Every structure is written in structure tokens, then in C-alpha cells.
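K.L.:
Turn these sequences into a full structure, and let the hints steer you where they fit.
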Amino acid sequence: MTVVLVALALYAACAEQELPRCDQVPLRPALDLLSDDGLRRVRPAGVGGRLRVTDVHRLATASPETFERWRRAAHRVLDANLDDRDAMVLSDRNRHLPTLPDDWTWYAEQP
Amino acid sequence: MVVGGEIVVAKYGDLIDDVLEEPLYCPRCGRTTGLTLVARGREAHLECAEGHEWTDPEVAACGVRQLLHLGAQGAEGRFPGAAVKIDMLPRITEDRTLYPPPPDAPERQLRWEGRVVTTTGIAPLTDCLHWARRLCVWETSTSGCTRLRAATPSTRT
Chain W
0 MTVVLVALAL YAACAEQELP RCDQVPLRPA LDLLSDDGLR RVRPAGVGGR LRVTDVHRLA
60 TASPETFERW RRAAHRVLDA NLDDRDAMVL SDRNRHLPTL PDDWTWYAEQ P
Chain A
0 MVVGGEIVVA KYGDLIDDVL EEPLYCPRCG RTTGLTLVAR GREAHLECAE GHEWTDPEVA
60 ACGVRQLLHL GAQGAEGRFP GAAVKIDMLP RITEDRTLYP PPPDAPERQL RWEGRVVTTT
120 GIAPLTDCLH WARRLCVWET STSGCTRLRA ATPSTRT
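So the sequence lines, in the order shown, correspond to chains W and A. Each residue of the first sequence is one higher than the one before, starting from 0 at the first, in numbering that gives the first Met the number 0. Each residue of the second sequence is one higher than the one before, starting from 0 at the first, in numbering that gives the first Met the number 0.
To be clear, the hints were calculated from the coordinates, so they are not data collected in a lab. If you're wondering where the values come from, they're calculated on a predicted model, not measured in any experiment. Take the hints with a grain of salt, since some may be wrong.
[To be verified] Distance condition first, Cα-Cα at most 25 Å in a straight line; then the derived DMTMM-like pairs of lysine to aspartate or glutamate:
(1) Lys84(A) to Asp83(W)
(2) Lys84(A) to Asp91(W)
(3) Lys84(A) to Glu108(W)
(4) Lys84(A) to Asp22(W)
P.N.:
What follows is the structure, given as C-alpha cells:
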């Protein structure tokens with residue numbers, strides 16, 4: 000769920016600013032969205048991609064303690080990637096991050 | 000973790016202006032085998048059998064964790080150095096059916112999603128999920144905090 004919450008934070012920060020490209024999203028606002036449980040209710044609208052049924056169920060039914068654990072882990076991931084640079088944009092991280100196959104075997108084939 | 004053989008790393012040699020493969024050795028006794036790699040948070044150091052401790056720029060905590068991960072999987076990997084090369088997040092075997100889009104999504108959010116798809120050719124959440132996995136894979140081996148959480152049975156990554 001850590002990955003899902005990080006993704007929702009990036010998505011919501013991008014949507015708030017209506018950015019045309021997700022790799023231009025600054026990490027600081029995404030990190031701020033992880034300070035409460037608001038992301039529990041964020042869902043893509045239609046053409047914006049889909050969450051798995053299992054993840055939607057977990058987001059809707061997890062106890063506050065469980066959600067809090069996911070939220071903290073996601074916060075830690077974004078905080079580490081922010082690297083104390085408040086102006087950090089997602090694409091700035093590209094050269095630090097490992098290259099992973101874009102095959103969705105870990106999540107689900109997106110339509 | 001204790002490493003059986005030599006730990007070979009790639010080092011830049013300024014005399015020959017090229018990258019050389021050489022084993023790490025203890026600066027005090029010259030041992031190249033029986034070394035112990037220690038990772039704590041973002042820091043890592045080496046120890047030899049005599050108890051000498053030292054650090055090397057090629058030995059970072061993320062390399063130690065990745066080597067440990069490879070060992071746990073039974074793979075004979077070479078030391079990954081200071082870069083994150085191995086995906087340590089577990090694959091999840093569960094139903095991967097996608098949730099249908101809500102019928103009452105806000106018009107404004109829909110229009111923004113449409114613009115992103117037109118500009119980049121990829122759905123924003125799909126793109127964000129891929130970025131999120133890369134951010135998590137990096138953090139997991141670099142600082143090791145999330146790995147501890149991921150290991151508890153009730154938490155999925």
C-alpha cells in the first residue's frame with residue numbers, strides 16, 4: 000500500500016495544480032498531502048488510470064491505525080526522495096532511481 | 000553480513016583514465032576475504048576478521064542490502080556497488096482486477112486527466128504508480144526504513 004499511497008499523493012498533487020505532465024510535479028506538495036488521511040478518498044476520474052479492486056477496498060475499509068502505518072511509510076519514501084530540496088520535481092529524481100520494466104506485472108495491466 | 004569470497008568493485012583509475020575491477024581490501028592488514036559488510040541507516044562500513052573497520056566510497060548501505068536480498072533469494076550476485084540496481088519490493092499475488100471509474104467524477108478532474116493523456120500518452124495515475132514504485136525501490140534499499148515495515152505480514156508494499 001506504500002506504493003499506492005505514494006502514487007495517489009503524486010496524482011493528487013498533479014491534479015491540484017492541473018499539470019499537463021506528471022513528471023513535473025513538485026514533491027513537496029505531494030508530501031504535504033500525506034500529512035492526513037485525505038488520500039483515502041482520492042480516486043482517478045475516468046481516463047486517468049485505475050486502481051485495483053483490492054486496493055480500493057483496502058483504502059475504504061482499513062482501520063485508522065492500519066492507514067496510519069501506510070501513510071507514515073509513504074511519507075518516509077517521499078521525504079527521503081525529497082533529499083532536503085524543497086524545489087525538487089519528480090523528473091529531477093530520474094537519474095537516481097533504478098530503471099524498472101514498465102510491464103505492470105506488479106500491479107495490473109491498465110486498459 | 001559476512002562475505003565468503005572477495006568483494007569486487009569497479010573503481011576509476013586516474014592513471015589509466017579507465018574503470019578497473021578490483022577487490023576491496025583492509026587498509027591495515029591487506030585481507031581481501033572474510034570481510035563483513037555492515038549497513039546502518041544510510042551508512043555502511045567494512046570490517047575484516049581482525050576487527051579493523053573502514054569505509055569505502057563504493058560500499059553504501061543500499062549495496063549491502065541488495066546483496067543480502069540476492070543472498071536470501073539464493074542468487075549468487077556480485078556486489079552492486081553504490082547504485083540501486085535490484086528491485087527488492089515483493090510481487091503481490093492477488094486478484095488484479097481494476098476498479099471501474101466512478102459514474103459521478105468531477106468534470107474538471109476528467110478534463111485534466113484527458114489533457115494529461117493527450118500530452119503524454121499515458122494515464123496520470125498509471126504514470127504515478129510507475130514513478131511511485133521506483134521511488135519506493137530506491138528508498139527501500141537506500142535507507143532501509145520501509146523494508147522493515149514491508150517485512151511485517153500485515154503490511155503490503
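K.L.:
Each hint needs a verdict: does it hold in this structure or not?
P.N.:
Hints and how they fare:
no., hint, verdict
1, Lys84(A) to Asp83(W), "holds (23 Å)"
2, Lys84(A) to Asp91(W), "holds (18 Å)"
3, Lys84(A) to Glu108(W), "holds (24 Å)"
4, Lys84(A) to Asp22(W), "holds (21 Å)"
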